[in-house]
Amino acid sequence: MSSSTVFPPTSKPSESVSGVTVRLCGDSGDGMQLLGTQLTNTSALSGNDVATFPDFPAEIRAPRGTRAGVSGFQVQFSAEEIFTPGDGVDALVCMNPAALVTNLVDLKKTGILIVNSDGFEAKDLKLAKLDSNPLTDGMLEHYRTIEVPMTSMTRTAVEPTGLSTKFADRCKNFFAMGLVFWLYGRDVEPTLRFIDDKFSKKPDVAEANRLALKAGWNYGETTEHFASTFSVPAAELQPGTYRNVMGNQALAWGLIAAAKLSGKELFLGSYPITPASDILHELSKHKNFGVRTFQAEDEIAAVCSAVGAAFGGSMAITTSSGPGIALKGEGIGLGLILELPFLVIDVQRGGPSTGLPTKTEQSDLLMVMHGRNGESPLPVIAAQSPGDCFDTAIEAWRIATKYMTPVIILSDGYIANGAEPWRVPEVSSLEKIEVTHPPARADNDEPFMPYSRNENLARPWAVPGTPGLMHRVGGLEKQDGSGNVSYDPDNHQYMVQTRAKKVDMVADSIAEVEVYGKSKGTLVLSWGGTYGSCRTAVKESVDAGLDVGHVHLRWISPFPKNLEAVMRGFDRVLIPELNTGQLRLLIKSKYLIDAIGFNKIKGKPFKVSELVAKIKEVTV
Amino acid sequence: MSTELPVLKDKDFASDQDIRWCPGCGDYSILAQMKKVLASLGKNKEETVFISGIGCSSRFPYYMDTYGMHSIHGRAPAFATGLKSTRPELDIWVITGDGDALSIGGNHFMHMVRRNVDLNVILFNNSIYGLTKGQYSPTSKVGTVTKSTPVGSIDQPINPISLALAAEATFVARSVDTNIKHLRAMMQRASEHRGTSFLEVYQNCNVFNDGIWDYAKDKATKDDTTVELEHNKPLIFAGGDKGIRLNGFAPEVVDLSGGKVAQDDLLFHDEKAVSSQLAFLLSRMRHPEFPEPIGVFRAVERPTYDSMINQQVEQAKSKHGVGELEKLFAGGDTWTVE
Chain S
6 MSSSTVFPPT
16 SKPSESVSGV
26 TVRLCGDSGD
36 GMQLLGTQLT
46 NTSALSGNDV
56 ATFPDFPAEI
66 RAPRGTRAGV
76 SGFQVQFSAE
86 EIFTPGDGVD
96 ALVCMNPAAL
106 VTNLVDLKKT
116 GILIVNSDGF
126 EAKDLKLAKL
136 DSNPLTDGML
146 EHYRTIEVPM
156 TSMTRTAVEP
166 TGLSTKFADR
176 CKNFFAMGLV
186 FWLYGRDVEP
196 TLRFIDDKFS
206 KKPDVAEANR
216 LALKAGWNYG
226 ETTEHFASTF
236 SVPAAELQPG
246 TYRNVMGNQA
256 LAWGLIAAAK
266 LSGKELFLGS
276 YPITPASDIL
286 HELSKHKNFG
296 VRTFQAEDEI
306 AAVCSAVGAA
316 FGGSMAITTS
326 SGPGIALKGE
336 GIGLGLILEL
346 PFLVIDVQRG
356 GPSTGLPTKT
366 EQSDLLMVMH
376 GRNGESPLPV
386 IAAQSPGDCF
396 DTAIEAWRIA
406 TKYMTPVIIL
416 SDGYIANGAE
426 PWRVPEVSSL
436 EKIEVTHPPA
446 RADNDEPFMP
456 YSRNENLARP
466 WAVPGTPGLM
476 HRVGGLEKQD
486 GSGNVSYDPD
496 NHQYMVQTRA
506 KKVDMVADSI
516 AEVEVYGKSK
526 GTLVLSWGGT
536 YGSCRTAVKE
546 SVDAGLDVGH
556 VHLRWISPFP
566 KNLEAVMRGF
576 DRVLIPELNT
586 GQLRLLIKSK
596 YLIDAIGFNK
606 IKGKPFKVSE
616 LVAKIKEVTV
Chain L
205 MSTELPVLKD
215 KDFASDQDIR
225 WCPGCGDYSI
235 LAQMKKVLAS
245 LGKNKEETVF
255 ISGIGCSSRF
265 PYYMDTYGMH
275 SIHGRAPAFA
285 TGLKSTRPEL
295 DIWVITGDGD
305 ALSIGGNHFM
315 HMVRRNVDLN
325 VILFNNSIYG
335 LTKGQYSPTS
345 KVGTVTKSTP
355 VGSIDQPINP
365 ISLALAAEAT
375 FVARSVDTNI
385 KHLRAMMQRA
395 SEHRGTSFLE
405 VYQNCNVFND
415 GIWDYAKDKA
425 TKDDTTVELE
435 HNKPLIFAGG
445 DKGIRLNGFA
455 PEVVDLSGGK
465 VAQDDLLFHD
475 EKAVSSQLAF
485 LLSRMRHPEF
495 PEPIGVFRAV
505 ERPTYDSMIN
515 QQVEQAKSKH
525 GVGELEKLFA
535 GGDTWTVE
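Note that the protein sequences, when read in sequence, are chains S and L. With the first sequence counted from 1, adding 5 to any position gets you the numbering used here. With the second sequence counted from 1, adding 204 to any position gets you the numbering used here.
There's no promise every hint is true.
Unchecked claim - Distance condition first, Cα-Cα at most 20 Å in a straight line; then the derived EDC-like pairs of lysine to aspartate or glutamate:
hint, chain 1, residue 1, chain 2, residue 2
1, L, Lys521, S, Glu287
2, S, Lys290, L, Glu528
3, S, Lys269, L, Glu518
4, L, Lys215, S, Asp448
5, L, Lys249, S, Glu451
6, L, Lys249, S, Glu270
7, S, Lys290, L, Glu530
8, S, Lys609, S, Glu270
9, S, Lys290, L, Asp428
10, L, Lys385, L, Asp428
11, L, Lys521, S, Glu270
12, S, Lys269, L, Asp428
13, L, Lys531, S, Glu436
14, L, Lys247, S, Asp448
15, S, Lys437, L, Glu530
Keep in mind the hints are simulated off the structure, nothing from the lab.
Please construct the entire structure, taking both the sequences and the accompanying hints into account.
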């Protein structure tokens, strides 16, 4: 089937705009995430810069039609370089009343509201705990509202396939997709390919989805609600080959690349947990890269198996989120005293305890810094965007092997599930990671010293199977050099300080911070997944004439060498965080700099507008 | 029989570290037999790894001149699983105790066994927490008086053999620390078995729980209180005077001296039985009602976790070719910006 004949280009006028933010919301079973992903991919393929924010409940099927069950997906696609999924929504698509009342607040007054008017029966209103119908009670009078009977039109459209009503109704997200694609002049070809691939074993469902997509598209063209469409030209991105990536996917690929670059095979010990499981899923697909994934019986076994694999000379990883990292503390501590390289990945979510599993937060920073018994410092690196997860994984492994230490990678639910265009790197341009293992020794050689150290204070990574290097590692304090169990007081002090010094020395191998914007006035200091919002807010503030600079931290342990000097060059430091001030505490304790905090703990990312307001408040 | 002499002697497997177990501890015997068995099997030091948890027994790796890891409490099976999955050619022993394996590490123990990771696991069962100076353990009998249970413990003990069988173990055996010939034979069987080989050893803690296994150790009583399991042979003990017969689904002790019971009527051991029911029934025979079986309860073949995880990797490589980053990145939709 050729899409050009089925999906004729619009005959209505098209208005060119620089960027659009669309939010799609409905019941968690309505397929909103799928719709959003398709809109993202097709926008990226058409050359726009894109940024996404999927927002869904923790329950797999929360009670249908309720506010708790609303699943949303926001995407901004733009002709300019963007760093966030957008603040205000230009087009809001709502499949039911619960979705409408929980999302309307973010729709711009100039925005378009598209509702499935078939979803506003009395029972739907009751499920959303509404006394009156928002379509008629005046709630929407200030919005450009377009009521579309999507359910009934979808049923009519898919009738030729003979699908039951139940299955026909599942196609209504494709109807909505067709309408949105028409409105923004999106290419349907990638989505048609997706349908063919996804439903290859269910040709009737594939056909029904195509028909629904087409019906939505045609509805846009024929209805008088829309006099024109919008177009968003391609963004001017750096030349290269691009693809869309999500954070967890990019992290998994970065790990695979790091393994290749270091000549290692990869072992992942992991236990399923939201929002980290997709790393396990992605790695499991790539066994032909020598990837071994072990779904352990619990979080503790997951980290311990990784330490076992690291002892054996593999590139070992464990992935989790906050509750799992809490359980792994003792195992990470063992890896630290064994001085073995491996990666611990924490995809943060709202806490404490089970907290908000599907929502984002930056509240594990102090746990990964200090959440182990004894003196147990580790390097900590934080990814800043979905695509950046790739580079973060490689850099973390480079440091882990260079200094013989576990390294913690912080990601978060926002970047893990978010997507953005990613410039595919030239594989030949990726720097190799040099990893060496000491060679075999003969019986009459000098005894092997497993805790001898090189210029980086790293001990030799001697792997079982090597003749002459037999040695025992363990959680009891070790004598420097020989590695024998030692209760010597001076040795313990020396070893504690040496392990800490090793982490400090990582600063020799990481980039210094660079200031974006102005070098005076207010410094916005951020870390992790808030990069996009902070960078955009600083840009807007500088454009508005304010003296504001931005530094985004990649390494939090150790801090880059020039950080203190840079901070002292500003009048004040503003630290926005999705926690109650964890980086601020670290900055204050290390540098005695009393930074201003801007803290949001709502399970949601920063809006650019709220950051801009705060920057203005402290700067002017 | 091979005429080649082992390359290494048992003392070659000793590390240079002083052994710090209490004088008279049963651990010494197990350590000594281990060195002998490794030497007699012609094992080399560099491909042998001992991984332990926490507890008195878990100091074991420090005393062997092989690779070793003294890990954290209860988790040795997880470290060993990670190592064996990535380095299947290594000969890995897990050293654990009753508290380590069955209390804090109960979960890992169960999952290691069901996965059938090719590891040799020796559980030093002394029914006491020794390193923390004498609290009752998960194998202590109800009523055990210790520092933490001054008026007696109240929880039902766990039966390690039954637990391993319930977790689908492919190799389960029991021996006694001072029965050195038998212990060596069991260690050798454990080493030869492919899959998780679980060996429970009755080990005496002469400081905190002295004498609990005396019935199974004393020359005067052990013939009456233990029965040695041999494949395809009837269960006979007490110097041939007594046997075990099945009465319905339950075992019973029968007198063979009067000639009223023929040997053919006795329960014959079958360690290779597909079902673990017989092994489980044997594991329930406890002193003093029954003689306690020592020997191999069960030894069956099943693919190992480590062989299968590596097989999947090899299959993926041959089916899709060895992974290339360029191909990975180019999979799916891409576009070019000029």
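These are the hints, each one checked on the structure:
no. : hint                : result
1   : L/Lys521 x S/Glu287 : holds (17 Å)
2   : S/Lys290 x L/Glu528 : holds (14 Å)
3   : S/Lys269 x L/Glu518 : holds (15 Å)
4   : L/Lys215 x S/Asp448 : holds (15 Å)
5   : L/Lys249 x S/Glu451 : holds (17 Å)
6   : L/Lys249 x S/Glu270 : violated (25 Å)
7   : S/Lys290 x L/Glu530 : holds (16 Å)
8   : S/Lys609 x S/Glu270 : violated (37 Å)
9   : S/Lys290 x L/Asp428 : violated (58 Å)
10  : L/Lys385 x L/Asp428 : holds (19 Å)
11  : L/Lys521 x S/Glu270 : holds (13 Å)
12  : S/Lys269 x L/Asp428 : violated (57 Å)
13  : L/Lys531 x S/Glu436 : holds (18 Å)
14  : L/Lys247 x S/Asp448 : holds (17 Å)
15  : S/Lys437 x L/Glu530 : holds (16 Å)
The structure shown violates the earlier hints numbered 6, 8, 9 and 12.
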